[in-house]
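> Based on these hints, arrange chain B on the given structure of chain A.
Chains as they are written, first to last, in the numbering used here: chain A, 1 to 218; chain B, 219 to 898.
Keep in mind that the hints were calculated from the coordinates and are not lab data. Where a beta carbon is used, it is the ideal one built from N, C-alpha and C, also for glycine. Warning: the hint list may mix true and false statements.
[Said to hold, decoys possible] In silico EDC-like links for lysine to aspartate or glutamate, alpha-carbon gap of 16 Å or less:
1) A:K184 - B:E876
2) A:K184 - A:E174
3) A:K173 - B:E876
4) B:K740 - A:E111
[Unchecked claim] Label pairs and their in silico Cβ distance ranges:
5) A:E24 - B:D700: 22 to 32 Å
6) A:E111 - B:D700: 16 to 26 Å
7) B:F238 - A:D180: 55 to 65 Å
8) B:M653 - A:A216: 51 to 61 Å
9) B:R676 - A:G213: 39 to 49 Å
10) A:R43 - B:E724: 39 to 49 Å
11) B:A601 - A:G213: 56 to 66 Å
12) A:E24 - B:S734: 20 to 30 Å
13) B:D700 - A:R43: 18 to 28 Å
14) B:P643 - A:G213: 49 to 59 Å
15) A:D180 - B:D700: 55 to 65 Å
16) B:E724 - A:R118: 19 to 29 Å
17) A:A72 - B:S734: 32 to 42 Å
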Amino acid sequence: MAKIRIALCDDHPIVLSGLSNLIEAEEDFELVGTAPDGAAGLRLILDKKPDIAVVDISMPMINGIALARRLAAEAPTVKVMVLTLHEDKAFLKQALEAGVQGYLLKRSAAENLIEAARTVSSGGRYIDPAVAGLIADDAAHRRRRAGGPESTLDLTEREADVLKFTALGHTTKETARRLDVGVKSVETYKSRAMEKLGLKTRAEIVRFAATQGWLAEL
Amino acid sequence: MNIARYLARIRSRGVSIRVFLAALVAAILLPTLVVGGWLTVRSTAPERELLVRTSQSKAGEVVADIEDDIAAAKATLTALTSSQFLENGDIESFHRQCTEVAKYLGAQLALRDPRDGRQIMNSAVAWGQPMSSGNPQQALDAMQEAIRTGSSTVSNVFFSPTLNKFVINVGIPVMRQGAVAYFLSVSIPLHTFADSLQGAALPPNWVVSLVDADNTIIARSDRNDLAGTKLYNPEVVKRIVEDGSGFATSRFGVRHRWVAHRSPSTGWYALVGIPVSELDAPMQRALIAYGAVGGTFFMLAMALALFFSDRVAQWFGEMGIDRTPTRDEFRTLFESAPNGVLVADAKGLIVLANEKLENQFGYPLGELIGRPVEMLVPERFSAGHRSERENFSLAPEFRAMGAGRELYGRRKDGSEFRIEVGLNPIATSSGDFIMATIVDITARILSERKLKTALTERDDLRRRFMQAQESERLRLAHELHDQTGQTLTAALLELKALESQLTDGERLRVRALRKSMENMGKTLHRVAWELRPASIDELGLTSALANYVSEWGSQYGIEADFLCRDPRLDSIAEEKRTAVYRIVQETLTNVAKHAQSATSVSVVIDRLDSTLRLTIEDNGPGIDAEAGDETGSKSRGGLGLAGIRERLTLIGGELEIESTLGAGTTIFARIPLDSEKVTA
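Just chain A, same shape as in the assembly (with noise of 0.2 Å):
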């Protein structure tokens, strides 16, 4: 059985060398280099071709995602796996986004760095469990989000005005201004169309207001 090839990239000595460390002394595991920034990185995985980069994401020359996305066009059969201190539903995100099979914190890789390598290693997908939960409650707000309303058949015309005006931001005083009417109407037709509508907060206005082309001056 072929070991599983590894090269590790890392800014940071100390780590490195622990993770260097907890690769050596696996059986089946061979590294196959290490580098300590991103240019280095992305020379030595393009060179060795390994069958997983784990890389830093915070690294100079390179970043992790920038090199994950660079891997993806130019070695597209290495697996990357970023390592990285970030909890960010932000960078797990971008990491997603750029092409790569895992998503490690650093601080559980001494823990899951194995078995992590090993998931993926088998074409599988590896989610530090403590950002795992993040993502999930983003896919179930997408979902919600996905079932707005595609019409505004139901609106009157002072409802859809209202709704528009608001969508490009116009404050509530500004609003009656423009409509000549009171405050309080405009807060009525805004509940109003927003029920009829399904619409929950102002965002969901926005992106409503967007899909009927009302916003196009913006």
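Chain B alone, transformed into the frame defined by chain A:
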């Protein structure tokens, strides 16, 4: 009058309100006094009439007396004609009889031959004595008339040589057998009439004169010596006789008003004269009295007018009655104006300048009058000033001069100072003028500059403070996250490697240690993230915000929606990027603290032209936006909003808050990206 001279005189002489008020009083009083005088003169007319009527009745009395005398004389003559001596031709006896009658009468009786007028008998000549042969023409005329008419006649005045006196004759024809046989006449000396004139009891200075048809004075009350003389001015008397009355000046220079009355039986006239001075006396007396009273009254009114003139103006002011200022007040106002004021004519010549202005520009009193206003303008501007002044004259309006530009004044010594000029066109019937108010703003400019500097410094300090705070956070976050995080990771890996060399029991303890170190890493991350998320700098603001909003929502269980419609949000300047992130962070913190009942929050970012618009809405309980806005209280809207406002102010942004109690709060932040250099 030229208004320029008028205005200049206000200053140079200061005509008093007294003159105006006095003139007013005079204008009212003088016609009144004239009318009063006229009425006074009119009121004396009845008295004058009374005098005239009295003179007329006196004349009538005199004529009546004369008529009586003549009638008495005629009666005597008639009685004598029937004397038996005359009937018998006994002339001697008749002479005797006549002599007695004549004595009784105090007159002379004469009997004449009607054919030649020869005297047959004369009571004044003893019987047998020769009689005067000379017959005065007047006596003969009267005789001829009596013979012709067959009735008695009265002669004009003549000198009787027999009596050696002026006399008149009253004669009667004596008829015998149908013919005139004799002519009997009585000669009455004129003094007889003078006596009867005296009896008329005229007021002193009045004159009564008796004149015969031949203009000979029979008697005159004041001058007996004139009896028998001709009138001094018969033509005038003739006119008076015709008119019944008239004025004449006597040979003694006294002017009288005469009234004439004719005696029908004699053809004489009684003339009664009142000296004009006496006739006019009542009017003159009244006028003198009126003049004295009226004059006194007038003087008093003028004195009061002058005395109260100043106070009247003052009282008007105190009573709040609108009035134009008096010249004195105008002058005081003009001079005490807090700023320099000048008036220039259409040609730009100064016609009036107050002392303040002269002080401002360092000119001695009055030296600016008549000089062009350009001498107050620095030479480099004077040509431009001239043309602008001409433009202003074409379309005058109230306005500030040189709006938006810095204006300078030039002192006499050539030094310059910053001024502000208000222009005020004055259109008068004598031409157009411009009033300019000039304020020396040197001190204001200085303090404005100081204030501006201070404000700029303050904002700089705040900005530097925030930047320092931000960079400190960044440094801390970096230290905690990267440095400490990496070290922790290394330590964890080391422990993991160590585990293989340990016994099972030891391995369990190390594993527990690793667990707590992992938790420590998690905490470190959290702290660092809150200080400043690495994603702002590494992934951009949009991702960082999306993440923050989502994390915040998970943490507080509030549905939090983030929408960014500005694809260039990541490229705004570092300072604004931080501000936007912090504003969202602070607003959501506020919501978490104060609007826990909110179930949804949305953050929308878009860009309209070059304004970045950040709208954060919650459906919480709402705040009183008006009250909570700037009070700085610890309630919602207090510290949180103040901090947000401060951040916005430092980057030139604005904040607007709309809130409905029970329905939520919306915060509108507007950030200008104008002078923005895109940081790629």
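> Give me the numbers of the hints this structure contradicts, sorted from smallest to largest.
none
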